[in-house]
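Engineer: If you want the building blocks of each chain, they are given just below.
Protein chains: 2
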Amino acid sequence: MTHILKGMRVVEGSAFVAVPLAGMTLAQMGADVIRFDRIEGGLDAGRWPLAPTGESLFWAGLNKGKRSVAVDMKSEEGRELVTRIVTAPGEDAGLFLTNLRVRGWMDYDTLRQFRSDLITVTLTGDRHGRPQVDYTVNPALGVPDITGPEGHDEPVANAVPAWDLIAGNLCVSSLLAAERHRLRHGTGQEVELALKDVAAAAMGHLGLIGDAVLNEEERQKSGNALYGAYGQDFECADGERVMVIGLTGRQWSGLVKATGTANAMAHLETRTGASLRDEGTRWRVRHEITAILKPWFAVRAVSEIAPLFDKMGLTWSQFRTIRRAVAEDPDLSSANPMFRTLEQPGIGQYPVPGAPMTFSSGPRKAPVAAPRLGAHTEEVLGDVVGMTDTEIAQLFDRGIVQSPDFVRPRTAA
Amino acid sequence: MTHILKGMRVVEGSAFVAVPLAGMTLAQMGADVIRFDRIEGGLDAGRWPLAPTGESLFWAGLNKGKRSVAVDMKSEEGRELVTRIVTAPGEDAGLFLTNLRVRGWMDYDTLRQFRSDLITVTLTGDRHGRPQVDYTVNPALGVPDITGPEGHDEPVANAVPAWDLIAGNLCVSSLLAAERHRLRHGTGQEVELALKDVAAAAMGHLGLIGDAVLNEEERQKSGNALYGAYGQDFECADGERVMVIGLTGRQWSGLVKATGTANAMAHLETRTGASLRDEGTRWRVRHEITAILKPWFAVRAVSEIAPLFDKMGLTWSQFRTIRRAVAEDPDLSSANPMFRTLEQPGIGQYPVPGAPMTFSSGPRKAPVAAPRLGAHTEEVLGDVVGMTDTEIAQLFDRGIVQSPDFVRPRTAA
Numbered sequence: 039m040t041h042i043l044k045g046m047r048v049v050e051g052s053a054f055v056a057v058p059l060a061g062m063t064l065a066q067m068g069a070d071v072i073r074f075d076r077i078e079g080g081l082d083a084g085r086w087p088l089a090p091t092g093e094s095l096f097w098a099g100l101n102k103g104k105r106s107v108a109v110d111m112k113s114e115e116g117r118e119l120v121t122r123i124v125t126a127p128g129e130d131a132g133l134f135l136t137n138l139r140v141r142g143w144m145d146y147d148t149l150r151q152f153r154s155d156l157i158t159v160t161l162t163g164d165r166h167g168r169p170q171v172d173y174t175v176n177p178a179l180g181v182p183d184i185t186g187p188e189g190h191d192e193p194v195a196n197a198v199p200a201w202d203l204i205a206g207n208l209c210v211s212s213l214l215a216a217e218r219h220r221l222r223h224g225t226g227q228e229v230e231l232a233l234k235d236v237a238a239a240a241m242g243h244l245g246l247i248g249d250a251v252l253n254e255e256e257r258q259k260s261g262n263a264l265y266g267a268y269g270q271d272f273e274c275a276d277g278e279r280v281m282v283i284g285l286t287g288r289q290w291s292g293l294v295k296a297t298g299t300a301n302a303m304a305h306l307e308t309r310t311g312a313s314l315r316d317e318g319t320r321w322r323v324r325h326e327i328t329a330i331l332k333p334w335f336a337v338r339a340v341s342e343i344a345p346l347f348d349k350m351g352l353t354w355s356q357f358r359t360i361r362r363a364v365a366e367d368p369d370l371s372s373a374n375p376m377f378r379t380l381e382q383p384g385i386g387q388y389p390v391p392g393a394p395m396t397f398s399s400g401p402r403k404a405p406v407a408a409p410r411l412g413a414h415t416e417e418v419l420g421d422v423v424g425m426t427d428t429e430i431a432q433l434f435d436r437g438i439v440q441s442p443d444f445v446r447p448r449t450a451a
Numbered sequence: 039m040t041h042i043l044k045g046m047r048v049v050e051g052s053a054f055v056a057v058p059l060a061g062m063t064l065a066q067m068g069a070d071v072i073r074f075d076r077i078e079g080g081l082d083a084g085r086w087p088l089a090p091t092g093e094s095l096f097w098a099g100l101n102k103g104k105r106s107v108a109v110d111m112k113s114e115e116g117r118e119l120v121t122r123i124v125t126a127p128g129e130d131a132g133l134f135l136t137n138l139r140v141r142g143w144m145d146y147d148t149l150r151q152f153r154s155d156l157i158t159v160t161l162t163g164d165r166h167g168r169p170q171v172d173y174t175v176n177p178a179l180g181v182p183d184i185t186g187p188e189g190h191d192e193p194v195a196n197a198v199p200a201w202d203l204i205a206g207n208l209c210v211s212s213l214l215a216a217e218r219h220r221l222r223h224g225t226g227q228e229v230e231l232a233l234k235d236v237a238a239a240a241m242g243h244l245g246l247i248g249d250a251v252l253n254e255e256e257r258q259k260s261g262n263a264l265y266g267a268y269g270q271d272f273e274c275a276d277g278e279r280v281m282v283i284g285l286t287g288r289q290w291s292g293l294v295k296a297t298g299t300a301n302a303m304a305h306l307e308t309r310t311g312a313s314l315r316d317e318g319t320r321w322r323v324r325h326e327i328t329a330i331l332k333p334w335f336a337v338r339a340v341s342e343i344a345p346l347f348d349k350m351g352l353t354w355s356q357f358r359t360i361r362r363a364v365a366e367d368p369d370l371s372s373a374n375p376m377f378r379t380l381e382q383p384g385i386g387q388y389p390v391p392g393a394p395m396t397f398s399s400g401p402r403k404a405p406v407a408a409p410r411l412g413a414h415t416e417e418v419l420g421d422v423v424g425m426t427d428t429e430i431a432q433l434f435d436r437g438i439v440q441s442p443d444f445v446r447p448r449t450a451a
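Sequence lines, in order, name chains A and B. Sequential numbering of the first sequence, starting at 39, is according to my numbering. Sequential numbering of the second sequence, starting at 39, is according to my numbering.
With the rest of the complex left out, here is chain A:
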C-alpha cells in the first residue's frame, strides 16, 4: 500500500475551492497534508451545499484525507505554532500551499528565515493581489457572453467553478515542479499565480483571444451545439434528451450511418456546395443537419437508441439531473472503483470520489473522509512540531489551539 507521493508532507492555509483542492489532490496521491484553520473555522467552513445536519458538504468534499489543525492565529503563540508546522524539518516537507491574504508573518520571506529551502505556492485572485472568484473572472473575460441559448441576449453564468478547479491543479503541478527542482539544486521557491491569469491563459490556449483579435466575426452563443464541428442535443420519443457528437470524421460518419441519413446529407452537400467531411462545414450548416436528424430521434425512445449507438461506437450521452445521474449511472457509484461510500463525520453516508488517476506501482488509494475541524491538532503538535504532552495540554488550556475531542492527559494536571 505505498502510494505515489507517500512520505511527502504539505501544509495548507486555505479557503474555498482551488487551494483546498490542491491539498486534497496531493493527499489523494498519498501525501500527508495538514490544513490549518482558525479555531472557529475558515471562510469556507459553512460553504454551501450543506447537509441536512447543517454541516458543509462543500468543506467535507474539498478536505478529504487531510489532517486538520485549529489554531488561534490572532495570538502571537498561535502564529508561531503555524510557522513551526509550515517550516518543520524533513527532506520531503517544507511545502506550503496558500490563498490566505495574510501579510507579515505568513509571507514567504518571513517564513523562509525558519527554513531556507521552503517552497510556497500562493494563489491570488488577480495579478494585482485582489480577490477574484469564478463569478467575477468569467464576466470580465467574456465567458457569459458566449454561453447560453442561441440568440439569448443575457449573459449566462457557469454552474461549475472551472477556473478554481484548474488553478488548484496548477498549484499541484507547480508544487511538484518546484520540489523536483529543490531535490536537484537544494533551493527553495516562491511560486505565485492568480486565478484571473489562469483563466486568461486558458482562453488564449483555446484560441479565443486570437479569434477575437484576428477575425471579423465575433463568437456568438451557440446553445448546446458543439462549437466548430457538429454536436447537438435531441429530444427523443419518450421525452428524454440525448447529446450526439460528430466532431471527428469517424463520429460524423457513424452518426449518419446510425440514423440512416446519408441520402439527406448528400442532398444537403449538393444544395450547399460544401463537403460535410469538413468539420467547419458541419458547423456552418448545423441547423440544416439538425433538421435532418431531428425526426429520427423524435420517433425513438432512448431504450432503442442507446444499444444501437453503443454498438456502433458513437460518442453520445443522455441528459440527466445530478440526482438522476447519481441514481442511474454506475460511473457515479461504488461500481466505479474511484468511488467509495463513506461515513462523513457529522454528515452521513454518500459516495465519495478518490483521485481519478491510477498508478500501476501501487493499488488505487481509497478516498478518506474529511476530518472534523481541528481533529489532528494534538497529533500534529506532537509528531510535526515535536511538543510534549504537557506543552500541548497547556496550549489547549490557554485556548491557543482546539480539537473536537482533546482529552486532557492526567500527567498534565
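Just so you know, the hints here were simulated from the structure itself, not pulled from any lab data. Don't take every hint at face value.
Which copy is meant is left open, so a pair is good if it fits within one copy or across any two.
Each computed SDA-like pair below joins lysine to any residue, with the alpha-carbon atoms no more than 25 Å apart [what the hints assert, rightly or not]:
#, residue 1, residue 2
1, K112, G292
2, K44, G224
3, K44, D155
4, K349, G287
5, K332, P127
6, K44, L156
7, K349, A302
8, K295, M425
9, K44, E217
10, K44, S154
11, K112, G287
12, K349, A296
13, K349, G163
14, K349, R378
15, K44, T379
16, K44, G384
17, K332, T286
18, K44, L221
19, K332, P169
20, K295, R168
Starting from the structure of chain A, add chain B where the hints point.
Structural biologist: What follows is chain B alone, placed relative to chain A:
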C-alpha cells in the same frame, strides 16, 4: 534563464484539449516537449477557431513551445521511429503523454520493452475506454440542468471545456508525481485516468453528489447568482452590466456600505427574522436583496461605480465580450507579463499567454509560438533518435517522415 523543468523531455501523442494542454504546460515550465503527429496532422489539426488564413488558432494555442514531428504511422518504419522517440534514453526522458486510442504498438506493455522505466500517462474518455468530450460528460452528470437562467426549462451547455482543461492539468501532476517516484525507486509507471472520472470526482469534491444523495430539495438553475451566498449581476445607468460578490462577511458588509443600503437590509432582516451575516440567509433571500440593490445601480454609470468599489476593496467585475475584454483589459494584453504578442507562423500576430505561474528561482518564461506541423522532424531524428543525416534523408525520401522545410543535404544525394 534556467526554467523549473529544464532538462526534462516529454513525448506527446495527442489530439484536442487535455493532453495537448498537458504537454504545453510542461513546455511552458521549461521541459522539451515533442509532439508527434500523422503526416497529414492529427484529428485536431483543423479544429476551430480558425484564423483568417484558415490555420487553426486552437492548434496554435495548445501546442506552443513544443517540437513537432510528422511521421507516417501506418508504416512499420514510422511506428518504429515513434517508439524510438518515446523510449529514447536519458535520465530525465522516458515520459509519454497520450490520449490516442492506438492498440498494440503504442501500449505501455509494448513500449516498456524498449525502456523498462518508461512512464506513460494515458487519458481516455470514460473508464470503459470509450471516447467522451465535455459536451457528452456534462449532460451525463447533470451540469446543463443546473446551468442557465432561473426557471429556464432547457439544459444549457458550458462554452469552456472545463473537464478537458482540468484533466490536462491532472496529466501534468500525475506525470510529475510518477517521475518523482521513479527518481527514488527507479521504477516506471503506467498512469491512467478518464475524462468522465475527472468530472465526476470534481462534482463530488464540490459537494454536489452528497447534496443529491442527502437533501430533499434538488439543486436548481440560479442564473447569474452566486450559489449559496450572495453575488449578482446588475445593469447600470449606462447600459453596462457588473457582477458584485457578497460571499465572505467582509465582501457583504462592504457591498452594503458602498451602496448605502444598511437600513434597507436591516428591515429585510426584521421582516425575515434571519441574519444576513449568515451566508445561507443571503442565498435564501437573494431576490429581496437584489431588489434593494437594483435601484442603486440603475442610476449610476460604471465610471462612477468602478472607482468607489475599487477604493472600498469590493470584489466585482464588469461584463464584457471577449473582444472588448481583449481591447480594454490590460490583464489580457502585453501589460500583463504573462502575455507576449507573438508572430504565430501561418496565422499572424496576437497576444499569447505563457504559464500563469512564476517561480522565484528563475525569470518568467516567455511564451513561444507553436511549431508548424513537422517543423522539428529532422532535428528530433538527429538529437533524440541519434540518426545520421543520410539516414534521415532516406526517411524523407521514402515519405516516412515530413517537415515543412526539409532541405535534402548534398551528402545524401
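Engineer: Next, verify each hint and record whether it holds.
Structural biologist: Each hint tested on the structure:
{"no.": "1", "hint": "K112 <-> G292", "in the structure": "between (64 Å within a copy, 22 Å between copies)"}
{"no.": "2", "hint": "K44 <-> G224", "in the structure": "both (20 Å within a copy, 15 Å between copies)"}
{"no.": "3", "hint": "K44 <-> D155", "in the structure": "both (20 Å within a copy, 19 Å between copies)"}
{"no.": "4", "hint": "K349 <-> G287", "in the structure": "within (18 Å within a copy, 54 Å between copies)"}
{"no.": "5", "hint": "K332 <-> P127", "in the structure": "neither (65 Å within a copy, 54 Å between copies)"}
{"no.": "6", "hint": "K44 <-> L156", "in the structure": "both (19 Å within a copy, 20 Å between copies)"}
{"no.": "7", "hint": "K349 <-> A302", "in the structure": "within (23 Å within a copy, 61 Å between copies)"}
{"no.": "8", "hint": "K295 <-> M425", "in the structure": "neither (71 Å within a copy, 46 Å between copies)"}
{"no.": "9", "hint": "K44 <-> E217", "in the structure": "both (14 Å within a copy, 13 Å between copies)"}
{"no.": "10", "hint": "K44 <-> S154", "in the structure": "both (23 Å within a copy, 22 Å between copies)"}
{"no.": "11", "hint": "K112 <-> G287", "in the structure": "between (61 Å within a copy, 18 Å between copies)"}
{"no.": "12", "hint": "K349 <-> A296", "in the structure": "within (10 Å within a copy, 60 Å between copies)"}
{"no.": "13", "hint": "K349 <-> G163", "in the structure": "between (47 Å within a copy, 17 Å between copies)"}
{"no.": "14", "hint": "K349 <-> R378", "in the structure": "neither (30 Å within a copy, 48 Å between copies)"}
{"no.": "15", "hint": "K44 <-> T379", "in the structure": "within (24 Å within a copy, 42 Å between copies)"}
{"no.": "16", "hint": "K44 <-> G384", "in the structure": "neither (28 Å within a copy, 47 Å between copies)"}
{"no.": "17", "hint": "K332 <-> T286", "in the structure": "within (20 Å within a copy, 47 Å between copies)"}
{"no.": "18", "hint": "K44 <-> L221", "in the structure": "both (16 Å within a copy, 14 Å between copies)"}
{"no.": "19", "hint": "K332 <-> P169", "in the structure": "between (46 Å within a copy, 23 Å between copies)"}
{"no.": "20", "hint": "K295 <-> R168", "in the structure": "between (53 Å within a copy, 19 Å between copies)"}
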